[in-house]
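Asker: Residue numbers (the working numbering), protein chains in the order written: chain A, 1 to 888; chain B, 1001 to 1090.
Careful, some of the hints might be misleading.
A short, non-exhaustive set of chain A residues, derived as facing chain B with CB atoms under 8 Å [as the list claims (entries may be wrong)]:
no.: 1; residue: N450
no.: 2; residue: D646
no.: 3; residue: H849
From the derived model, a few chain A residues whose C-beta atoms are all more than 10 Å from chain B [as the list claims (entries may be wrong)]:
no.: 4; residue: V188
no.: 5; residue: E271
no.: 6; residue: E315
no.: 7; residue: R319
no.: 8; residue: E390
no.: 9; residue: E426
no.: 10; residue: R499
no.: 11; residue: R610
no.: 12; residue: L796
no.: 13; residue: L816
no.: 14; residue: R872
Computed cross-link-like contacts, EDC-like style, restricted to lysine to aspartate or glutamate with a CA-CA straight-line distance of at most 20 Å [said to hold, decoys possible]:
no.: 15; chain 1: B; residue 1: K1051; chain 2: A; residue 2: D779
no.: 16; chain 1: A; residue 1: K845; chain 2: B; residue 2: D1021
no.: 17; chain 1: B; residue 1: K1049; chain 2: B; residue 2: E1012
no.: 18; chain 1: B; residue 1: K1051; chain 2: B; residue 2: D1085
no.: 19; chain 1: B; residue 1: K1049; chain 2: B; residue 2: D1021
no.: 20; chain 1: A; residue 1: K771; chain 2: A; residue 2: E743
Because the hints were derived from the structure by calculation, they are not lab data.
Just so you know, even glycine gets a beta-carbon here, dropped at the ideal spot from N, CA and C.
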Amino acid sequence: MELFERDDVETHLRALLPGAGRGGALALVGGEAGVGKTAFVRHVARRLEGRAELLWGDCDPLGVPQPLAPVLDFAPRLLGASANELAVDGSRRDLLFRALLDRLSDGPVRLVVIEDVHWADDATLDVLRFLGRRMAQTRALLVCTYREDALGPEHPVRVLLGHLAGMPSVHRLELAPLSPDAVRAMCVGTDLDPVELHRRSGGNPFYVTEVIAAAGGAAGGEGAPGRNTHAVPATVRDAVLARAAGLEAEARAVLEAAAVLGARAEPWLVEALLGDAETGIDRCLASGMLEYAGDALTFRHELARDAIDQAMSPEHRRRLHAAVLRALETYPDRRIDVARMAHHADNAHDGAAVLVYAPEAGRQAARLGAHREAARQYARALRFGAGLEEAERAALLEAFAQARRVLGHTREVLEAQEEAARLWHEVGDVRAEGAALARLAGIYVHRGRNDDAERASRRSLELLRSLPPSRELGHAQVVQAALRMRARDNEAAVAWGRRALGTAERFADVELAVRAHCRIAAGLLLLEDAAGEEHLERARRLAQDAGLVRVIALPDVTAASISGEYHRFEEARRMLLAGIATCREHDLDSDADYLQAWLALTDLHLGAWRASAEVAGEIVRRTDAEAISRILALVALGRLRARRGDSGAREVLDEALALAERTHTLQRLGPVRTARAEEAWLAGDLQRCNAEAASLYPQAIEHRHPWFAGELGYWLRRAGSDVDLPEWTAAPFRLEADGAYEEAAAAWHARSCPYEEARALARSGSERALKRALTLFEDLGAHPAAAAAARALRQLGARAIPRGPRPSTRAHPAGLTPREDQVLQLLARGLTNRGVAAALHISPKTAGHHVSSILAKLDVHGRTEAVSEAHRRGLLGDARDRENGEPT
Amino acid sequence: MPRFLVERSFPEGLQIPVTADGAATCLNVVGHNAEFGVTWVHSYVTEDKRKTFCIYDGPSPEAVRRAADANGLPVDRVTLVRVLDPYFYR
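Chain A with its partners taken away, still in its complex shape:
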C-alpha cells in the first residue's frame, strides 16, 4: 500500500541508523490510534532490508499483559535459549538486560522494532529505560511505537519518556494525520466526498482506508459501488462494522473468534472454536480485514479488533472466551502462557480457572519485576476469591500488597496487608502473622503512621520470638532497627541491627545482612562512631558480590544522608556523587532522586547556590518524585529563596511541612522546622521563628540530636527565648549562641559553609568582620543579609563599604559567570554537552544553555571557534582556582 506524507519522518528515522562513527539511537514514534504507525515502521524496515538485521516485538492489548513478551519475541535470536532462562529466573533480570546490551553493541547493525509500547508491561518498560539510556554505545536503532492519545499524565510510558528526555541518542518522531490533499488523492476512483471524509476522519489514515474499503474503493474489499455518493460513517467503529457487515456469516464468525483471541489469532484455535473455518478465513483475508503476521491471523488494526469485540453480545463473547480456555487446556503440548489463560478465564467468568492461572501469572510477573502486572493478576484472583480458605486468601492479599507497594504505598496496599495479618491471626498461623505484621509496620512508616508502625513492629517481634529463630524474625528485627533509626534512637537501632545481622548470618540471607549492616552503620554514624564505616563497607561488598540491585545503593544513601544531617557537607558531597553514579548505573531512579535532593541541600550549605537551585528545581518540578526526596528539595529551595530574598520561600516550606508532618519523625521534620525558623527570622517575624523552633526543640533534645537541637536552640535564642544550648549540641551553633561569634565563624569556615560563616561574623560588631561578612554575602547573592551588613557598617561609620554585583562575574574578562567559565574549560578539554552535563552534574539541557551563552558572550558561532577564541584571549586554564564554580 502506498504511504502518504511520510517522507520527512522516514528520512529522519533512516538517518538514525547507526553507521560509520555514529552510535545507536532510540526512536520513539508516536501518533494517534490508526495514524499508521505499523504501516510506517514496516515500510521503513523493508527499505532498510540488507542494511540492518531486523528484530521485531509486539506488545499485546491483553487486559494484563504477559511480562517481557515483546522482548522475548526477539531476544532468543540475539541470545539463543539463554534468553528464556534469564527471563524466567527473574532474580537476575539485570543479566538479561546486560546480555541484550552487549549483543546489540557488536555484530551487524540492527533495527529493533517494539510496537505499541503503550501496552507494555513494567518489566518491558524497564528494558526500554535501560537500553534507552545506553543506545549510544550500541550498533542498533531501537524503534518503539506508541499511541500518543493513550498516554494519560500518569501513564508509565509518559514517565518513561520523562526519564529519557534530553538524552542525545533518544529521538521523538510524530506521525501526523493526513492532509486534505492526501485524502483527496486516496479517494480517487471512489465516489466518496473527500472534504467530508477528511472532516469526519480528522485525516486518520486507518479511518480513511476503512471507509474507502467499505465503499468498494482502492484499499481492497468488494462492495458494489453505489449510484449515489457513499455516506461517510460517523466513527471509525461504524466504518469497521460497515465493512464487516458486507461479509458472509462464516467470515463474520471468524472475525469474532479472532477478536476474542486477541492480537494474534492462531488458525488452529479459530478452527477449534468454529470447526472448519477455511472459507471464512479466506474471505476475511481476501477482504483485507485480517492478515497473516507470521503464523497467526491479525486484524489490520487494533481499532478494528476492538470494534468487532465491542459489538458482540456479552454472552456470546463470554462463551467464546470459555471455548478458547477449553481449547487451550486440551492442547497441553502447546506452551501455556498463564497470563493469556488468566485473561480468557476472567472474560469467561470462570472463577475456578482464574484462581488457577491468575496467581501463577502474578508470581511470574513479580519474579520479572513487572510489579504493576503482578498486582493486577493478584487483584484479579481476589475478585474471584470469595470462596477461598482464609490462609489462601491471606497469602493472595500479601502477594498483592507486596507487588503493589513497589509502585507506592497506597491505601489499598495498607488495607490488603492489614486484612492479611488479621486472617493469619484468625487461622492461628503465628509465624505468618508475625511476618505479616513486620511488613505492615514498614507500610505504616511509608504512610506516615509511625505509632501504628511501632505497635505492629513490637507485636511481630513478640510473636516471632515465641517461635524458634527464623528468617521472618530477622526481617522483623531489621524493621524495628529501621524504626529506631528513623526516630534517632541510635543505640537501640544498633542493637536491633546486630540482632538482625545474627539472624541473617544464621540463615545465610545476604539481602537481610546488607540491610542489617546499613542499620547498624546508621546508628553508629549518628553516634559519631567511626566503626559505622566498616559496616557500610561490608554492606557494599555483600550487595555487589551478590548482585543485589535492590539494596546496592542503600549503603551510599545511608552514609550520605547522615553526613548531610551532621553538616559534614564536603564528605557528604563526595559520597552523594558516588552514590548517584551507582544509582545511574543500575537505573535506581528513586534512590537517585533522594541523593540528588540531598545534593541540593548540601550545595546550598557549601555556597554553590546556583547548582543547588538547579537540582532542587528539577526535583520539585517533577510530579513522580517520592515524598522523602521532595521534602528535601523543597527545603533546599525554601532556604535558598529566603537567603536570596526572593519570593516563594514560604510556599515551598509549607508544602515541605505538610509532607513531613505525615511522618512524625525527627529525620524529616528536623530539616523542615529549622528551615522554616530561618525563613521566619529572615522575614522579620520573630514570633513565628520562635514558634517553629519551639515546636520541635523538645523532640530534638530528647533524641540528643546535636545539629537539630543546636539549630533549633539557636533560632529560639535569636527569636528572644531564653534557652541554654546543652554542651552536646553542635559547636558552631552553641558558640554563636554564647556570643563567641568569631569562633563560631571559624567553625563554619572549617565546614565550608560561607553563609553561616558570614552570619556569625556579621554579629561580631567589628568593622573588619562585618566587611568580610558583607563580601561573603554579596558573593553568594544573599541580598537581605548583605543589605543588613552594609547598614551595620554605615552605623559604625565605616568608609569604603564594598558593594556591587557579584564581583566574580565582573572579574571574568569576557563576562562569563563562574559556571560558564567552568563549562568553557570542559569544552576546551573536548567534552560534549552530555559530557559537560555529567561532569558538572547538571542536565544536558542546562549544559546546552551554558554553551549557547558562552558562544554569545565570546561572539562566536561554534564550540570549536569558542575554544580557539578563548585560547586567543587567554581565558583557558586560569579557572583552576575557581574550580567549584561558585565564589567562596
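Given chain A's structure and the hints, the job is docking chain B onto it.
Answerer: Below, chain B alone, put in the same frame as chain A:
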C-alpha cells in the same frame, strides 16, 4: 505565568548606548531569556542609573536568576508581584 519584580544594582551605572550595539545588547537579553522560559516585560531605571527595577514573566525566581546569569546581569532580589492600578475597583 507569575510576574516578578527584579531589582538590580549597577555601582558604576548602567550604560546602554542608543546605537546598534545597544540594540544588540537588548536583543541578546531577549534571546537568552527565551531559553529559560522568561520574558522581559519592561524596566525602570533610577536617575543615577545605578538601580533598575525590571518586570519579568517567568515560571520561578530561579528561572529569572538563571536568565540573568546567562546575560551577565546582577540580581539583588526577585519578588512576586501583581498588577494593582488606581481604578481596580471599577
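Asker: With chain B as the partner, please determine if H849/A meets the hint condition of a C-beta pair closer than 8 Å.
Answerer: Result: holds, 5 Å to nearest chain B Cβ.
Asker: Regarding the assertion that R872/A does not contact chain B, is the least Cβ-Cβ distance greater than 10 Å?
Answerer: Check passes; 20 Å lies beyond 10 Å.
Asker: Between K1051/B and D1085/B, does the CA-CA distance stay at or below 20 Å?
Answerer: violated (23 Å)
Asker: Tell me if N450/A is really an interface residue toward chain B, meaning its C-beta lies closer than 8 Å to one of theirs.
Answerer: violated (33 Å)
Asker: Checking hints one by one. Is D646/A an interface residue toward chain B, by the C-beta closer than 8 Å rule?
Answerer: holds (4 Å)
Asker: Minimum Cβ separation between E271/A and chain B greater than 10 Å?
Answerer: Nearest chain B Cβ is 60 Å from E271/A, so the label holds.
Asker: Taking 10 Å as the cut and beta carbons as the points, is L796/A off the interface with chain B?
Answerer: Its Cβ never comes within 10 Å of chain B, the nearest being 21 Å, so this holds.
Asker: Would you check the hint for K1049/B and D1021/B, treating anything up to 20 Å between C-alpha atoms as holding?
Answerer: holds (18 Å)
Asker: Confirm or reject the statement that R499/A sits farther than 10 Å, beta carbon to beta carbon, from all of chain B.
Answerer: At about 47 Å from chain B, R499/A clears the 10 Å cut-off, so the statement holds.
Asker: Non-interface claim for V188/A: all C-beta distances to chain B beyond 10 Å?
Answerer: Per Cβ check, V188/A is outside 10 Å of chain B; nearest 45 Å; holds.
Asker: Just want to verify: E315/A was marked as not at the interface with chain B; is every Cβ pair farther apart than 10 Å?
Answerer: holds (55 Å)
Asker: Verify this label for me: R319/A is non-interface relative to chain B, using a Cβ-Cβ cutoff of 10 Å.
Answerer: holds (56 Å)
In terms of the numbered hints stated before, the structure departs from hints 1, 11, 13, 16 and 18, listed from lowest to highest.
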